[in-house]
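If you read the protein sequences in the order shown, they are chains P and C. The first sequence begins at 17 in the numbering used here and counts up one residue at a time. The second sequence begins at 24 in the numbering used here and counts up one residue at a time.
Bear in mind the hints are in silico, worked out from the structure with no lab data behind them. Accuracy of the hints is not assured; some may be wrong.
Claimed, not checked - On the chain P side, residues computed to face chain C include the following (Cβ under 7 Å):
1) Asn24
2) Leu149
3) Ser278
The beta-carbon is built from N, C-alpha and C at its ideal position, and this holds for glycine as well.
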Amino acid sequence: MLAQQIINGLSLGGVYALFALGFTLVFGVLNVINLAHGAIFMIGAYAALHAVLVFHVSLLPAIFVAALVTGGAGWILDKLIFAPLRASRAPHLAPMIATIGVSICVTSLIEGYFGSENLRFPLDTLPSSTLTLASVQVNWLDVKIIVLALLLMGGMLWVIRHSSTGRALRALAESPKAAALLGVNVGGLFLATSVIASILGGVSGVLIALYTNSVFPHMGQPMLHKGIAVVIIGGMGDVRGALIGGFFLGFAEVLTIAYIGSNMRDAVAFGLLFSVLLLRPAGLFGQAPQRRA
Amino acid sequence: MRCRALLFILVFGVLPNTAAAQIKIGIAEALTGNASQYGVAIRKGFELAAGEIASSGGINGQKLELVIEDEQGKKEEAINVFKKLIFQDKVLLLFGPTLSNSAQAADPVAQAAKVVVFGTSNTADGITSIGNYVFRNSVTEADILPATLKVAAQKTGLSKVAVLYGNDDIFTRSSYDNFKKALQDLKIGVTTTETFAKGDVDFKPQLTKIKGTNPDAIVLSALVAEGAPIMVQARQLGITLPFVGGNGMNSPRVFELARDHSDNLWVGSPWSVESSAPENKRFVAAYQKAHGALPDQFAAQAYDAMYIAAQAMRKLKFAANLDADRRALRDALPAVQWSGATGPFKFRQATGRDGKPAGYDAVQTAIVMVTKRNQYVIQK
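One chain only, chain C, in its complex shape (with noise of 0.2 Å):
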């Protein structure tokens, strides 16, 4: 592991302890591995920020130096990660780790230690429970689902849905409970409630029984490899109703595997490659420049997440003392606010497990979309 992580520092020409005038940044992302598909967009995402601070003076004239490790998506390396930026490079804070399993596992090692852990891909519940050092500015499902679902019922009237998700996989269980809990919250009737298993092929059998309650729409949690068949094979039936779907079915792919039969399909997502906000224009040009392909969500919350830090950074007096500097960076983090390629941000303190004021969670505008003839459109 020591290889590779000087392999990385020789591979983005960063050395510890050159120059002092330099705030040093710990970046614990999964670069490699099942998770590595997340973490090296992140990374760009990081490295395009942090590069456009640099040519514009950077931190009232102090540079910033990004320390990268791979934190492999697993929780154990996170913690050795976490513990080496921490002690051994002595950054002033540290951005990651990928996936919310690891930050579970790695957060408590940075709230210990008493430096700013700042997740930008960590949407899972009790993240930021964790202490009053833990931030995000990932928006989770607990927040897009009621606003995906509010709007829908705005545009298309609907008042009773069926509800069809994957009862077999973590991720769409738990947006099925966030969408149980908004569908409460926004007193809409559900007429019946299907279940699939992953590698299923045939879902005719529970969109035929759908069909015969009368719902308004279908409420579907499941990954695109299940979702968009389910679409294909609900058009196939004669089943014309709107999808409203989770952060599963808010993929591109979704247009190759459901290619037309995707129309009407409602989802949220905290950012849009098609959001016409000028700071998202830049964005997206920038990222293209550099690296010859669109780009998706999580470059573009690690590219707000380091605007959002270096914001928090001009206000700070730097003093000899490290543990004074990473205290007053925590001081100053919450009252940031920034519009960036996401759209407005600011932070909102979530409560710890013992009730008291914990960590820092996202508060942020959800992008509803509807698909049409094989695209995302924005609705207001």
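Isolated chain P, as found in the complex (with noise of 0.2 Å):
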């Protein structure tokens, strides 16, 4: 039993991590906490559904769909918020109210658009098949997503660290004025990170709505409450710190079910979460002073 557990907590992990990955990325580099994220997230999910049910493709292509129309919905979201808000010089909090705003308007249109019931995937589009390993079932899914997950992070931490995008990105990130000095071309690469970082979101849309079989109009409400925990306990705006953070949440609410009781599932996680702000009040990766995108 603890074996399929630990199994369930890296799978559960994985998903957390891959949601809060493109949502600390926008806070590291824009400095914008993006309350829309759970919409992109939604958008993404809704997407892939659509071109699996209308035009009939089968998954990969699907999940290039939906990483198409997300990162559209970030490359507006840069053009109609965050780069105006930049413009004018707005104080923090504005970027952040707004992107609940967004993220209202965007599940109501879907809501009124596709309904508020669940949708879910036609079955042959999935991959069902289980791995069994003594008392262990493993989905290919779940491995498929936990993969997903460290390759996709891997891959944003390599480019950050060893590559001149990178520089530059750490550069903006530290200040954009100063990155602007040194020839950054500081909007373009604003708006690349808006469209990266929701591509991102809504792959890990699609990858979550497949793994639940389940799309919904609010299904990225309880992810954005979860993808903040996760990013609080990484540290804001590092990229390691969203791996880490996402599979101790997964963990902590596996373990809390397994020995103590579903119903303090959520204290005990969000408990966990207390604790580490305590003792370290940047996150585990955080500090303070620094900031790494």
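Assembly of the complex is requested from the two constituent chains, each provided in isolation within its own frame, with the hints serving as guidance.
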């Protein structure tokens, strides 16, 4: 039973980490708490579902469609909200409040158009084969989620650490003004970050919709709460932190259910979050005076 | 609100104070708002039954006149509409309201005015304890869940179960309370009780724990939104145990959301579209002809309620005095027995908050069904 719960913790943690990745990127670079990330996540799931239902494509092209749509949404988000607010030097809270508005609008629009009920992917599009090792059941989808979370994060870490774009991103995170003086295309990089973060959110939306096999307008809301917790545990804006924080929260929840009781799940998980903040106010990886992209 | 009432009168061709030889029946249901998916089905059930009664000679030659009002699924509006129907339209009896919540608020108005109020969809505890003018033919979960468990236990031989329920929703929690009581009464052991919250998407940790306690079945109090993924994830974890569900799981949506993982789910219901009783077949065919879609439980219960009230009205000798007629109807109603779309039915007197006899609940056998290859199969 413990072995099965460890697998459960890994796949749930992978889901949280994937969601938190895009969220933390926007915070690290744009310095915005993007509360529309849950809505983007939901749009990704609807886009992939629509691609499968209407155009009868298989899963991989559907994920590509979702990436395209959410990338577009990220572009609009930056052009419509982040860029004008940056230009007018709006206070920190303004973009956050604006993203709440975007989130509510988008969710209502989707609800109005597709209805509020649960939708699901047709059965034949899902990889349903399971791997049985001793008494442990592993779904191939779980394996893919875990591997994809690790790959995406590894890729992002490499880009940020070792590429010139990464260097520019780090400079940008430190000081947009200084970066601009050094010849970094600040507006373009901000836009690119918003697009990439939205694509990450959209793809994780598809994966989670597949994992739970349900798509509904408010699916982003609970994820957003967990995502904020993950990002805070890991350290705001830190990519490694999103990974560790995601698995930390996943395991905390699973082990609480296994050994304490499901009634206490959120109390224990968020109690731990609180204790981490008390001991390390900047999160596991955050370093208060410095910022990392 | 007056405008909307007028609109309904226009739409349904019902005008107040016309010919004297008409029996006025007030209908207050949620026709707009969140509860309208129930209220609209209920209205269709009433209209179908009233139409049939009219075309077979009415009530001893008198016509039925339906005065339909929208109570919007809101307590305040239900009270307003009740007052209008009782004092202005001077109806003989009232059907409605749609939600138990509204019934708690509005039924005392009818009780005080001494007018029969007949609910077809109120399942909460305590509605009929309001007073002796309160009737309902909606069967409560407190009656259905023990029957479901009993049949499931007989057929599958289960002796210990694990319980899984949503702990942040009033409906799934009250359904859990009823399950808990039924499990105690039937002396079925509980290996573990687990919970989840609205909006949860991953239930594998709870299911893994349940699997480790080796139950014979899983009792599940959930709405379909969470219940269907729970069934899918259980099957993915290799858990092939039967599920025993509350009313929240009694929906054809299960077959869409948990397709091919939906087998072996036991649910109880006061009505089933599959029921082969001749009265039900006739109802389903007539409803389909009128509306081009299959009826649901709410339409069936409303349809039966109109016939139950008609049985009582046939016994009345109408006087010129409305108060006397209203009282006579109340006295005639408890004795009515009826076999309709939902099967054999009679009333049972409930006790009030003061311990004295009060209103009347439904006595009806629950239909227990199990899912098999994406449909419900009735179990005897």
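Evaluation of the provided hints:
{"no.": "1", "hint": "Asn24", "result": "holds (4 Å)"}
{"no.": "2", "hint": "Leu149", "result": "violated (12 Å)"}
{"no.": "3", "hint": "Ser278", "result": "holds (4 Å)"}
In this structure, the one hint that does not hold is number 2.
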